[in-house]
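Enquirer: These are the residues of each chain, in order.
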Amino acid sequence: MWIRLRAWLTGLFPQYRQDVLLLVIDLIGTFVFAVEGALAGINAGLDVFGLMVLAFVTALGGGTIRDLLIGAVPPNSIRDWRYGATAFAGGGAVFCFHGLIQDVPAHLLITLDAAGLALFAVAGADKALEFGITPLLAVMMGVVTGAGGGTVRDVLLAKVPAVLNSDVYAAAALVGAVVMLGALRVKMPRGLAMSLGAAACFVVRMLAVWQHWNLPKVMR
Amino acid sequence: MWIRLRAWLTGLFPQYRQDVLLLVIDLIGTFVFAVEGALAGINAGLDVFGLMVLAFVTALGGGTIRDLLIGAVPPNSIRDWRYGATAFAGGGAVFCFHGLIQDVPAHLLITLDAAGLALFAVAGADKALEFGITPLLAVMMGVVTGAGGGTVRDVLLAKVPAVLNSDVYAAAALVGAVVMLGALRVKMPRGLAMSLGAAACFVVRMLAVWQHWNLPKVMR
Amino acid sequence: MWIRLRAWLTGLFPQYRQDVLLLVIDLIGTFVFAVEGALAGINAGLDVFGLMVLAFVTALGGGTIRDLLIGAVPPNSIRDWRYGATAFAGGGAVFCFHGLIQDVPAHLLITLDAAGLALFAVAGADKALEFGITPLLAVMMGVVTGAGGGTVRDVLLAKVPAVLNSDVYAAAALVGAVVMLGALRVKMPRGLAMSLGAAACFVVRMLAVWQHWNLPKVMR
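Line by line, the protein sequences are chains R, L and S. Its first residue numbered 1, the first sequence is counted upward by one per residue in my numbering. Its first residue numbered 1, the second sequence is counted upward by one per residue in my numbering. Its first residue numbered 1, the third sequence is counted upward by one per residue in my numbering.
Hints were generated in silico from the structure; no laboratory data involved. Errors might be hidden in some of the hints.
[As the list claims (entries may be wrong)] Stretch-level coverage of chain S by chain R, calculated; a stretch enters the list once three of its residues show a Cβ under 8 Å from a Cβ in chain R:
hint : segment
1    : 40 to 52
2    : 63 to 76
3    : 153 to 164
4    : 211 to 218
For every residue, glycine included, the Cβ atom is placed at its ideal position computed from N, Cα and C.
Between the sequences and the hints, there should be enough to build the whole structure, so can you do that?
Expert: Structure (structure tokens):
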């Protein structure tokens with residue numbers, strides 16, 4: 001069944017078109033994360049340089065940490081100028097059109113962020129597998145890719161990273177990566193497994209925002 | 001003399017048994033550090049995800065930084081699932097049996113922690129030497145292995161790392177690594193040098209706790 | 001024209017003398033940064049170990065991050081004991097002669113720091129180019145080399161890094177790296193391009209301190 005599906009999908013999306021599609025989605029995710037990082041920089045009263053740093057770090061920090069850990073050196077963010085340029089474009093857009101971006105409805109930003117998280121988590125786990133990382137840790141690399149950038153951003157702002165004690169964010173990335181690995185385990189084609197994982201992450205994240213889910217805590 | 005001692009020890013502990021012994025001790029150290037990290041997470045009011053992150057980072061952060069710096073990529077913590085699994089088991093144990101762990105007497109935890117520190121410091125310096133790092137910096141890698149995890153944990157909790165201004169902790173790791181390197185310099189067999197170094201670190205740490213030693217500060 | 005200039009400079013400074021000169025300048029920069037790091041440690045009330053850590057991290061953190069990112073592993077700071085020894089000497093000097101160092105006039109420290117920043121920025125961008133990093137990101141690596149150590153120091157002190165929201169510091173490093181890359185683009189010899197870049201960074205930094213320049217911020 002997967003083979004027939006793969007044949008159909010391959011007809012629809014030949015390899016080069018898939019690659020372009022993945023790159024475009026990846027750059028969109030990078031842009032959205034950069035915008036969020038830059039907004040956090042403005043809220044912390046940083047200057048334009050600090051804003052650019054937060055844009056870069058939020059957008060590309062997770063993937064960079066993943067690449068360092070799995071041994072993909074230099075990391076993508078340093079090897080390919082398009083990622084850095086996109087992150088700086090996001091930061092620059094916030095700096096120049098700050099008023100307009102404040103008018104973007106919050107739920108649109110949250111939705112785009114969830115989409116970016118889903119893509120990063122799945123792409124991160126996939127890349128870790130490619131580098132021969134064992135599944136348990138490949139899942140972790142997916143989470144790091146999705147949530148690592150925001151973590152570094154919060155560390156730079158001298159705050160406890162929001163992912164450590166707020167609503168279901170990194171956990172959604174975890175679900176997405178686990179679903180993808182499960183799908184690969186039952187021999188689904190890679191593209192379908194990644195799509196399923198991303199969809200799972202996106203749905204969990206949106207449900208969590210909508211229903212105000214929180215992870216359990218130990219009572220002190 | 002060392003040669004005769006080595007022959008005797010080799011009879012007692014053949015290579016494969018030594019390796020198993022080292023792995024078991026290493027995993028016990030990982031578990032203890034993970035428990036401490038998770039307890040710090042609970043005290044900071046983190047949710048179960050944050051608790052797991054702190055468990056992993058506290059237990060394996062030091063070794064991971066060492067491996068990145070000496071070029072042992074991917075780091076042990078990412079290459080070998082047993083370390084990650086042990087760290088998550090430590091975090092999970094704290095989450096599930098929090099009440100019980102609070103009943104563990106503090107001095108038992110401190111003793112176990114000192115044992116973990118001793119082992120990590122010595123193993124870290126040894127691994128750095130193996131990768132051709134010069135002795136001065138191999139000692140530093142021992143300290144990073146022992147105290148790095150707690151440092152990253154404190155950074156994530158937005159606190160000044162305790163090792164930078166509290167009692168003799170990293171300094172004990174330093175003593176252990178220096179003793180080990182000195183023992184190797186006088187041609188002691190590796191296992192004996194490591195044992196001596198670990199014992200020195202453990203004794204210094206326990207004496208420091210018992211006698212409330214503190215490192216000197218410059219008066220402002 | 002560059003060729004004639006290069007011939008003249010090569011007569012004046014043969015290669016081996018250039019290398020020694022570069023190393024000496026590099027070690028002086030390392031020492032100055034280490035002194036600043038150690039002073040920050042004293043101001044934060046750290047003990048002698050914390051002071052040494054801050055000295056090392058401030059002096060060598062930026063170059064270490066750059067080396068990890070561009071794939072120069074193990075980083076220079078771990079491979080060559082002279083850097084670590086110089087950093088620890090800087091920290092030790094602060095610990096032993098704290099009173100004397102407080103008598104060093106502030107503008108001398110600022111001038112030396114600007115010189116160190118200029119050198120680190122230019123050397124960092126140059127090394128990134130050597131490792132095949134694209135110019136946009138080589139510039140960024142120059143900034144990381146110059147300003148990264150101070151950033152890690154501030155993170156360890158649980159403060160928002162000063163470079164993110166204070167006066168023109170990292171921006172001066174950026175200018176220096178850009179000038180150097182521009183000079184290389186018009187085929188200037190490497191030594192001249194590096195000197196020009198370093199001079200540009202130094203001048204911008206000193207002007208910024210003298211004129212109290214600040215980067216623009218977005219008004220909230």
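Enquirer: Hint by hint, note whether the structure agrees.
Expert: Do the hints match the structure? See the list:
Proximity of the segment 40 to 52 of chain S to chain R, defined as three or more residues with a beta carbon under 8 Å from a beta carbon of that chain, is not established by the 0 residues found. For the segment 63 to 76 of chain S, the assignment as covered by chain R holds, since 5 residues bring a beta-carbon within under 8 Å of that chain's beta-carbons and 3 suffice. Proximity of the segment 153 to 164 of chain S to chain R, defined as three or more residues with a beta carbon under 8 Å from a beta carbon of that chain, is established by the 7 residues found. For the segment 211 to 218 of chain S, the assignment as covered by chain R holds, since 5 residues bring a beta-carbon within under 8 Å of that chain's beta-carbons and 3 suffice.
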